[in-house]
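Got chain G sorted already, so can you dock chain X onto it with the hints?
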Amino acid sequence: MATFGKPFTREQVEDFLFLEAELLDSWSLPQWRDLFTADGKYYIVTPGVENGDTASPQEVLFLVADDLERLNQRVERLMKKGAHAEYPHSKTRHLVTNVRIVSQEPEIKVRSNFVTYRTKFDQTVVFMGHHIYRLEPEDRSFRIREKRCVLDFDSLSQQGKATILL
Amino acid sequence: MLAGAPGDSGMRGNGECYSGLVEADRGRGTFRVRRDAYRSPDVFAQELEVVFGRCWLYLGHESELVKNGDFVTRRVAGRDMIFNRDRKGAVHAFFNSCTHRGATVCRERHGSAKNFTCPYHGWVFSSEGKLVDQGVKGGYAPQFNCDGRYDLMQAARLEHYRGFYFVNFNARAIGLAEYLAGAREIIDLIADQTEAGQQIVSGAHEYVIHANYKYLAENSIDAYHAVSVHSTYFDFLTERLRASGGEAAVAKLMGDYPAGGRGSGLGNGHGMFEGFVPTGRPVASWIPPWGPDAKREIERIRARLTERFGVETAMRIAETQKNMVIFPNLVLNDHVAITVRSFQPETHDRMRVTAWAMGPKDEIPQLRSIRLDNFLTFLGPAGFATPDDNEMLELCQNGAAHSPVSWTDMSRGMCTAREDDMRVGSGPWTDEAQMRAYWTQWDRIMGGAETLEA
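Top to bottom, those sequences are chains G and X. Sequence positions in the first sequence follow my numbering and run 1 to 166. Sequence positions in the second sequence follow my numbering and run 1 to 454.
If we strip away everything but chain G, and leave its shape as in the complex, we get (with noise of 0.2 Å):
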């Protein structure tokens, strides 16, 4: 078993990427959340944004730009009955791939690609694009710093909503 520590392996960091997915997935979104560190962040860029690697949401309208605590009420939301876009739960399916990570000094950053099926009341849409990470090991694991989703859109004119977590 290879050693937890820096140098880290894609393969580690592939491992905690999939656990999101699947967490995701399996509609666990209060354990998902508790992947975030206490200070951590949660973006979505607004499609058609340009330089969505380093837009900044305090001069740049964004999707969603949470911090643990948007986070925590975003995801309480999400699993009322009152959240009617996602009443009932839409289906999801989160692939993630191309995982390289970038450096790992001072930080951990890792760049990735996604493709995530969405479907609800026999419609399915797509949603792609790349997420850029700021991770932090812990306990044998990671916890996310910050997440930032940046989709391959010039609009949302094919999905309408961006409800689900990407």
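FYI, nobody ran anything at the bench for these hints, they're computed from the structure. Only true hints are included.
A partial selection of chain G residues facing chain X, derived with a Cβ cut-off under 7 Å:
1. Thr-46
2. Gln-58
3. Val-60
4. Phe-62
5. Lys-80
6. Ala-85
7. Gly-160
8. Ala-162
9. Thr-163
Away from chain X, derived, C-beta distances all over 10 Å, residues of chain G:
10. Phe-4
11. Glu-11
12. Trp-27
13. Trp-32
14. Arg-33
15. Leu-95
16. Val-99
17. Ser-103
18. Pro-106
19. Phe-114
20. Ser-141
21. Arg-143
Below, in silico cross-link-like pairs of lysine-lysine (BS3-like), each with a Cα-Cα straight-line distance of 30 Å or less:
22. Lys-252/X <-> Lys-80/G
23. Lys-322/X <-> Lys-81/G
24. Lys-322/X <-> Lys-80/G
25. Lys-41/G <-> Lys-295/X
26. Lys-81/G <-> Lys-252/X
Bear in mind the structure is a predicted one, so any value in this text is a computation, not a measurement. Beta carbons: idealized from backbone N, C-alpha and C, even for Gly.
Relative to chain G, chain X alone:
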């Protein structure tokens, strides 16, 4: 197609109906719209010609064209437009189609250009729309374009009110200011928030809703649905304000919700509701979670507003939330943030929405950040409220398409309505007077009673 279902006796009451699709019955206290108005492709085809061919339609905001040469491209009622500021500073609305073979001339969504060159045969149009080159030399008579027929075609009319630019495809249409009627006052209350001017912030939310566009017009000025559809948003708000004791304000609002605000028709089909919701407003209503620096700045803004407009108007600008529809397809919401939202009909059961955040050019970074944060929390396709609205509109479209039920109802408050012209009716914000204002105008235009011509 327009005939009622079996057992339906059709028109009743005093017959305020021109289109055959709207029924106002004051005696009975009902106001109904035939579901064909949402679900029929034939009605939709007629609307594109009659409603969208005669009304003023929002194109864009002056702040999107900062420098001479700046342009944006967007679709308005199915027409692809170039909205630009030419090299001398004049603003235009061109149809984005080459006058030669019809190809889309400009393929960028925004940018700056002295000329627009068609990619097909190389026809070049200046920023004023003049045909200045035809690619390969020779082959045309000297008088070929002497009357300008090969210049880029412009919308028949282009006018603005306080920086909001609208087009009209009917050359004989009444002017924009007259068309906007009572909506002008609400636009003023937005424009007057800053002496530096309002601007569109980058990062427009663009998305599709699989529903007739009029469902969104109704929903945008519907205060009745907030309690049922947005319970999770009010839960969020209560939680957010709990630490500072502000949750009592949310409880008070929910305790006597109909008393929280007023709805009204503003003339020509425009409608709004206005009320107090304790969410905080970057202009200029502070809540404790924003901290002391924001408080100081908001007090400064408020003092300046009072100086410019007096206590009463300053209070209205600062504290009340306003949701307004400008007939037929523009929303200006001035609540937790300012939204400029246009929705373009694509088919009878699909619309495309573009929602921009607007804020003062001289806003300090902290308030801009709060504004954007407010916007995406409530609004937008990943917000805590808008997706649930959109889900409701899609459920309405589905229900209308897959049932024989003939009518949709907007009677709330009709039993006490006294005004002769429902386009200027009003009532508690949970009434449906503002939707009746919209539909009354729609009915008049569709039935030919309103031409909107000078």
